[in-house]
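So you can see what is in the structure, the chains are spelled out below.
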Amino acid sequence: MLIFDQLKKNDPQLRLLTWIVLGGMGLLLVGLWYVQVISYRQYAENQKAQSFRTVRIPAIRGKILDRHGVPLAENQPSYNISLYLEELREQFREEWRRTRPAGRVPRSVRLSLEGQARYRVVSNIVLQLGAALQQPVGVGFEQFLRHYTNQLALPLPVLSGITPAQLARFQEQPGNPPGLDLEVQPQRHYPLRTTAAHVVGYMVRDDSSAQDEDAFFNYRLPDYRGRVGIEGAFDHELRGRAGVKSVLVNNLGYRQSENIWTPAEPGDNVHLTLDVRIQQEAEHALHSALPNARGAAVVMDPNTGDLLALASAPAYDPNQFIPRISPEDWARLSDENLKPQRNRATQETYAPGSIFKVLIAMAALENGLDPQRLFTVEPDPARPNKGCIFVGRRKIEDTAPPGQYDFRRGFIRSSNAYFITNGLRAGVENIIRLGQKLRLGERCGLPTFQDSPGILPSLRRVRAGWFDGDTANLCIGQGELAVTPLQMAVMVAAIANGGKVLTPRLVERLEPQEPALAGTGRSFPPAQVREELGVSTRTLQLIRDAMLADVEDRDEGTGRLAAVPGLRICAKTGTAQITDEANKVVDHTTWFASYAPYDNPRYVVLVMVESGISGTYTCAPVARKIYEALLRLESEPRSRGPILAGKW
Amino acid sequence: MVMLPLGQERQSKLDWLMVAALAGLLVCGVVFIYSATMANEAAGFTPWYNQLFIRQIFWCVLGVVAGGLVCLPDYQRLARWSYVAYWVTVVLLVVVLVMGAKVYGARRWIDLGPFKLQPSEFAKIAFILALGNFLSRPVDELRRPLLFWKALGLLALPFGLILREPDLGSALIFLPVGLAMMFAAGVPVRYLRQLLTGAGLVVGLILVDVLFAPPNWQIKLEEYQRRRLLVYFGLDGAPRGASPAERAEARRKQRDYSYNVDQALISVGSGGLLGRGWCRGTQNALGYLPRAVAHNDFIFSVIAEEKGFMGSVTVVALYSVVLFTGIRIAGQARDRLGKLLAVGIVTMLFSHVFINIGMNIRLMPVTGVPLPLLSYGGSSVLCSLIAAGILQNVSLHRRAY
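Residue numbers (our numbering), protein chains in the order written: chain A, 1 to 648; chain B, 649 to 1049.
The set of hints was computed from the structure by calculation and includes no laboratory data. Warning: the hint list may mix true and false statements.
Output of the computed footprint for chain B on chain A, the stretches with three or more beta carbons under 8 Å from beta carbons of chain B [said to hold, decoys possible]:
(1) 27-33
(2) 544-556
Straight-line Cα separation of at most 25 Å, BS3-like style, residue types lysine-lysine; simulated pairs [to be verified]:
(3) K500(A) to K437(A)
(4) K245(A) to K48(A)
(5) K8(A) to K764(B)
(6) K395(A) to K245(A)
(7) K798(B) to K9(A)
(8) K245(A) to K386(A)
Pair by pair, the computed Cβ-Cβ distance ranges are [to be verified]:
(9) Q13(A) to V739(B): 28 to 36 Å
(10) P786(B) to A44(A): 56 to 64 Å
(11) W33(A) to V851(B): 27 to 35 Å
(12) M686(B) to P222(A): 21 to 29 Å
(13) I854(B) to G140(A): 22 to 30 Å
(14) V739(B) to W33(A): 41 to 49 Å
Quantities reported herein were computed from a predicted structural model and do not represent experimental measurements. For each residue, glycine too, the CB sits at the ideal point set by N, CA and C.
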């Protein structure tokens, strides 16, 4: 062989040379083997790391639909014009060649001058675009520089959300400046604007990775995260899975090519139990209560617990958060008095006032109150035409006149004296137990992050340091007690459906966006009973009759303003006092708790208005409007036409 | 040409094995220079006759003709002209120092209009011829110290001139070549040992001085040379007691410089066993491997990335064939002159190959040494082919008639 012949030859010098060459070539081979075969993976990864940029592409967010499929939140295409910088490299070079200063310049100066040359090219193109679109467009120097340094592999966004007219102009332009291209991005849109805004919630800009995604990306395209409401509660499901795009870049960082590694998987649609038409009617009615009304309205199916409307006023427009809420809008949404972000139906708690007498009535009737027995309300010495009651040394005023009261009259006149006397007779522990069965002081189980538990004293609390005066307060829905309108709706539903305390249902089902996968989503069953009230049918019937009388008794019923011809409505009104530290009444929370029809309950309607005059005069008319609308909607066939936003 | 008797045919003819290996290397060179330069977008705009692979083909043809011409006269007649060649190249080396084209702070080329001449390449050939001629005298004479010093002087003159350009890599090639030829000629080993120890000591001192001494004690080395050494030894080069900011700055500079080396290593490593395929090397196409050097000093990393370990082995094997056939020619040479010439040329080629490929896998520091026959460059290809021609000459004229 070639090599061994040399080694055998009797020539020591050439033999040594052969050995050296052999050793050298062997060393190279070993080195190459080590680098190319043993350490291949490491270098391949290094190579990939320096030449690939990964981009996170958000998935198309699921829609939020009402029970009939009317969208409350959807995506609409937003047309953006972007500038692909890698197509301008020739122009950058040209501009630099044209404007470079003669002679040598220090590196830092040269870099900055080169940056300015590039900016001039970009700025020119953007100006031409502005002229073509007949709209001033500008890219700031700082913005350009930041993009050039940090995101060179991505196109530079020049103009987002262009109008259809501009879109047409841009596309009909024969010679668009080079590098400009049109991009379509889905953008969240709330077609009904403020309708059910609190339930829908809103989104904030958040490009970060979800838990089960890759944590590292070189770049992220804009994405949003639901903060509250359904957007927040089902953020994970709505969001889907973000995809990954890889961009191959050259040593200067310009884009060479790109391909999609993992496509984004669209999120699920959320079907709500809400009926947009009822929701809009409820909101409309609520707004009619007072100028700048603050309040809530709940429409619920007492048999299934389905929430048909969950209105809160004032509302906001979730579109304001896209792409980013302005500081002025944010200040408006943070108003201390109006609190437009709070969902008053489920998130704010209030003293229930007289509508709590429904619960007191149950406790008293279950504990031996004879509904026929007459009770005498004594006249108030200070106001002889009104009654009053003394608990200990404290006088509690009554809005009912002095005279003889049985259960029905006590209920429809909402006599404080009657209910305090009988509540004390039933005992506070029985009242608390009943409250616990109604799950007062606990969250209703809504997923929207807007669910407040409210306050109900515990049995331990009432066994020590508790006085009759405190019980008297509970009997008229005041004192250590706070409820949400939704909790009261659940209470009324329990009366209407025969004693079942339901979990209100807001979400009917989740369904994949692709029609092929329809039916594979998760659904939430209706009529989830949290607790049986364990109250006798007789008691419930007595209360139902009394509630019916509250509306139908033309002379004395406090709820008579809610009466709707052709619908037998059962109701209880309430006006809770809000006192300041000096125990002076400063404001009222007015209530109307009702269901209808009397003999086959289909709707619970609960209205709460802050700073109203009284349940009778402020809330009952609101409820009447809602019932009228419900009747009308039942009779008219569901139209598939568009639902108009912002009727008010 | 003289008609050779049939029986003599085997003994005196071209070494076809080497010719085949050389041809293989030349083809590889052109093919991968194409790959290294065509990825560059600007290359598309250059006229075809200015494209580097076309120019390389031209140089190859020219080189083959030159190599063939070198084969025609007996190498002994060539050797008679060796001192002339030697002094001509020395003059050229002086000329290049005075009026050479300055590229990256070094004067290495003489601009001749359509192409640039790199005298250091030709100096290597002339030096081998001259030293071979000088050492081919009877072995006894070589014991004389004066002769040894003269031989050293022969080496030192071009070495010093090339070092002044500065071109450390090319200059360093002279050392192993001179050493190997003296050794093969039979210069007493003790001289060589002394020379080796001396050189080792000087190089060691220089290294220590460059790497660790305080700035004003350091010998004046070009900044880029110092940096290359620092990169090779992985030091940042900040003086002792430098502030963190200074140290960070030094680190940054060092990182910038080590960029070439790192990218070459990534290219070679990411080639893996089979490579990405011809013209598919991303390192080169995306410009991570600097475009200015991908087709010449770093052509090996382009081959290694695109053809993987198999490609590297092929290249190393082709070089091995050239080198070992060269040693065989040295062994079969008719006289000491032939043997010395062959040894010198083999050593020169081997040094180039080892330093260049070693640099790609971080076995050697970065020195601008081309890979013979593969790297783009007229002077380099021409001289490598002339060197191969001399080897063939020795092979052809191995019998005296």
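Quick rundown of the hints versus the structure:
1. With a threshold of 8 Å between beta carbons, the proposed coverage of the stretch 27-33 of chain A by chain B holds, since 6 of its residues qualify and at least three are required.
2. A stretch counts as covered by a chain when three or more of its residues have a beta carbon under 8 Å from one of that chain; for the stretch 544-556 of chain A and chain B the count is 0, and the coverage is violated.
3. Distance hint between K500(A) and K437(A) is fulfilled; the C-alpha atoms sit about 10 Å from each other, no more than 25 Å.
4. Distance check on the hinted pair: K245(A) and K48(A) sit about 14 Å apart at the alpha-carbon level, within 25 Å; holds.
5. Taking the CA atoms of K8(A) and K764(B), the gap is near 45 Å; set against the 25 Å cutoff, the hint is violated.
6. The straight-line distance between the Cα atoms of K395(A) and K245(A) is roughly 74 Å, outside the 25 Å bound, and the hint therefore fails.
7. With a C-alpha separation of about 31 Å, the suggested pairing of K798(B) with K9(A) is violated against the 25 Å cut-off.
8. Taken as a hint, the K245(A) and K386(A) pair is broken in the structure, with Cα atoms around 76 Å apart against an allowance of 25 Å.
9. Here the CB-CB span from Q13(A) to V739(B) is close to 33 Å, well matched to the stated 28 to 36 Å.
10. P786(B) and A44(A) have their C-beta atoms about 59 Å apart, which keeps the hinted 56 to 64 Å range intact.
11. Taking the beta carbon of each, W33(A) and V851(B) are about 29 Å apart, inside 27 to 35 Å as hinted.
12. The given range of 21 to 29 Å is broken by M686(B) and P222(A), whose C-beta atoms sit roughly 39 Å from each other.
13. Restraint check, I854(B) to G140(A): a C-beta distance of roughly 54 Å breaks the suggested window 22 to 30 Å.
14. Between V739(B) and W33(A) the Cβ separation comes to about 46 Å, which falls inside the hinted range of 41 to 49 Å.
Violated hints for the displayed structure, listed by number in ascending order: 2, 5, 6, 7, 8, 12 and 13.
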